[in-house]
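Numbering-wise (my numbering), the sequence shown opens with residue 5 and increments by one.
Do not take every clue at face value.
[Said to hold, decoys possible] Here are the simulated SDA-like cross-link-like pairs (lysine to any residue), alpha carbons at most 25 Å apart as the crow flies: (1) K203 - H255; (2) K56 - V40; (3) K203 - E254; (4) K356 - G388; (5) K91 - T145; (6) K203 - E183; (7) K536 - E495; (8) K420 - I389; (9) K184 - D131; (10) K200 - S224; (11) K571 - N559; (12) K437 - Q419; (13) K437 - T402; (14) K279 - N301; (15) K43 - V76; (16) K522 - D509; (17) K296 - E254; (18) K512 - S568; (19) K91 - E177; (20) K91 - G130; (21) K279 - A306; (22) K356 - L396; (23) K356 - Q419; (24) K423 - E368; (25) K43 - V87; (26) K522 - N486.
Keep in mind that the hints were calculated from the coordinates and are not lab data.
Treat the numbers as computed from the prediction; the structure is a model and nothing was measured.
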Amino acid sequence: MRKFLLMVVGTLLSLPAMAQDTFFYEYEGQTLEYTVDSKADWWSPGSVTINKQAESSINGELVIPELVTNTVDGNTLEYQVSVINEKAFFGQTGLTSITIPSSVYAIEDNILDGCDNLRDVIIADGDDYLTLYYNCFENTTFKNLYLGRPYGVCGGGWVNPGCYPISLSGVLESVEIGEKVSEIAASAFAELYNLKSVKINAPLTTIPNRAFYRCTHLESLNVPETVTYIGDRAFDECYDLHIELPSGVEHVGEGALKNTRIPYLIFRNNVTIGKEAFRDCHDLFSVLLNGKENDINSELYARPFYNCTRLFKVAAREDYEGNFYSNQVNSWTIEDNESIDLENGVIISADKSQIWVSNKYQGEITLPDAVTRLDSWSIANCTGITKVVLPLSLTTVTDAAFAFCSSIRELIFPQKVNKLEGEDIFYETNSLKKIAYPSGIDYPFETQQFAAVPYDVYDATIEDNSFIFSRRKDKLYYASVNVTPAYVVPETVTEITDLAFAACDNLKSVTLPEKLSKLGDRVWDGCNAIEKVICKNAEPVVADNDLFTMDTYFNATLYVPKGSKSKYESTAPWKNFYDISEDATGAIDDIVAEEGNAPVEIFNLNGVRVTDSIDNLPAGIYISRQGNKVEKISVK
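Let the hints inform the model, and build the full structure from the sequences given.
This is the structure:
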């Protein structure tokens, strides 16, 4: 009996100490229960774990702190949050977001079961390995994951750093991998059918086998420049994935990018390409192999580029034509003395007469002065090219040279061009509004969807690759589609030829000189934004009714010299304007308006936009436009 009483007393005496092992701590509006894992001293913090919380006790965003404190016998002790135990947040239906700090070194199974409204899981950046139990995120609904630390996966009592996948919910839509992550596991994100985007900030060197296999709705993923190895089937069956590989990749495994929407390939070094690596990549258009000792699988029906139906351009230092299962491939054999820009994918022949451009190229491209010929597909499918400046040396352009260049708005063919060979030179150039070409070229321009403007090859000068005048500047043959919205035709001009301003869809105001005496057909065809036409000539120039569009006749105001209104009202095509005015004040272009916050645009005197700032402009006269305010400026 005495022994039993001593046991009861001993148990009762121990209760306060046990109670102190569990405590509550509030942080950023959320209170969690913590259990002491290792004791704290005044000189060193202890550690705590997060056990199962009371159901429905958490609402909104939860940020778990790295350090918590507890007061015992008047002493404040500090603890590091180290482990999240199994089912810690089970049934927290009000939880929408959780941030796990870098102090946590282990996350056990099923910690988020029943968190039906959880959307975001953030594992904060840190250098130390995090142990993830295989089922830590099993049965979850969150859609966005940020992974900021290197991790290992624990299953069945073992830990394998970074090389084993965790079980993730199929509802996951986006993943971001932080800079501290050194590797990801094979099959890490495989078969996540709702995954749409992946952002990789980490300097990974390897995308392992099946890492994103069968993520059938994955649309965007960036492969870091540090990656050199792509494992087997890493992206296989990612049907919607628009992906680009860095040029430093040296190994592409079996079926690695099969069925993806990769548009081009550039390999700066020797590369090993496994069988079916790019099979059925129907968006793949060009391949550049710069290495001299590439290993490309050539087994029949297992070729890496089998059924790449749009692969038209291949450049390599050896003959790999047999590896590209297509009879439509146009090959370029790279010679040692040729100029290569691997950053943009441009090859220029040794004599600089020919050029090969990868569809990686973006923006404006100026072809070298010595280029004389554009062969089939030489610039084709460069959807990122917005402008091509053709050299004066160019003489010949062959079939499909610009095919599928869907962002080019205009082309100006210089005076020496005498051959346009093939009806598909401009195939699917859907944004092409206008071209200028030397008169006399035999080509079926009438079948094209753009305005084709001829000019006199013997009497023309091309200015800034945008405007074409006669040598004496008394004729205006061609105006760029990028003409300033308020354009003043030079006073020397007496004639404007057919279609000169066609497709200038941003043109709002045009001023015609006093000496103008001749106008061609459809000069302003497609210029539907014109708001005012200013004629300085008191005698109206007779022209056809198709000089302007019907929108211009209905909506624009025609300003004429005082005393000439009746003449314009009785002369075609000017009589078609619904609004004809002799009020000169309405024609002033430099209206002072409240435009202080509008962007500034600077044009040269030919009306070509040159910059958006007056800083560092060369000396000269320019036109400045800010909103509705247009004025001349002088830079000395």
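Here's how the hints hold up against the structure:
The straight-line distance between the Cα atoms of K203 and H255 is roughly 22 Å, inside the 25 Å bound, and the hint therefore holds. A hinted pair counts as satisfied when its Cα atoms are at most 25 Å apart, and K56 with V40 qualifies at roughly 14 Å. The suggested pairing of K203 with E254 holds, with an alpha-carbon distance near 22 Å, which does not exceed 25 Å. As the CA atoms of K356 and G388 are separated by approximately 23 Å, the hinted pair is consistent with the 25 Å bound.
With a C-alpha separation of about 15 Å, the suggested pairing of K91 with T145 holds against the 25 Å cut-off. Between the alpha carbons of K203 and E183 the distance comes to roughly 11 Å, so the proposed pair stays at or under 25 Å and holds. Note on K536 and E495: the hinted pairing holds, with a Cα-Cα distance of about 18 Å set against a maximum of 25 Å. For the suggested pair K420 and I389, the alpha carbons sit about 23 Å apart, so the restraint of at most 25 Å is met.
Of the pairs offered as hints, the one joining K184 and D131 holds, with about 6 Å between alpha carbons and a cut-off of 25 Å not exceeded. Distance hint between K200 and S224 is fulfilled; the C-alpha atoms sit about 7 Å from each other, no more than 25 Å. Our distance criterion of 25 Å between C-alpha atoms is met by K571 and N559, whose separation comes to about 20 Å. About 20 Å separates the Cα atoms of K437 and Q419, which keeps this hinted pair within 25 Å; it holds.
The hinted pair formed by K437 and T402 meets the criterion: a straight-line CA distance of about 20 Å does not exceed 25 Å. Among the hinted pairs, K279 with N301 is consistent with the structure: their alpha-carbon atoms are about 5 Å apart, no more than 25 Å. In summary, the hint linking K43 to V76 is supported, as the alpha carbons are separated by about 12 Å, within the 25 Å threshold. Only pairs whose Cα atoms come within 25 Å are accepted, and K522 paired with D509 is accepted, the gap being roughly 23 Å.
For the hint pairing K296 with E254, the CA-to-CA distance comes to about 13 Å; that is within 25 Å, so the pair holds. Among the hinted pairs, K512 with S568 is consistent with the structure: their alpha-carbon atoms are about 23 Å apart, no more than 25 Å. About 23 Å separates the Cα atoms of K91 and E177, which keeps this hinted pair within 25 Å; it holds. Only pairs whose Cα atoms come within 25 Å are accepted, and K91 paired with G130 is accepted, the gap being roughly 24 Å.
Between the alpha carbons of K279 and A306 the distance comes to roughly 5 Å, so the proposed pair stays at or under 25 Å and holds. Taken as a hint, the K356 and L396 pair is honoured in the structure, with Cα atoms around 13 Å apart against an allowance of 25 Å. For a cut-off of 25 Å, the pair hint linking K356 to Q419 stands: about 19 Å separates their Cα positions. Distance hint between K423 and E368 is fulfilled; the C-alpha atoms sit about 24 Å from each other, no more than 25 Å.
About 15 Å separates the Cα atoms of K43 and V87, which keeps this hinted pair within 25 Å; it holds. As the CA atoms of K522 and N486 are separated by approximately 24 Å, the hinted pair is consistent with the 25 Å bound.
Checked against the numbered hints above, the structure violates none of them.
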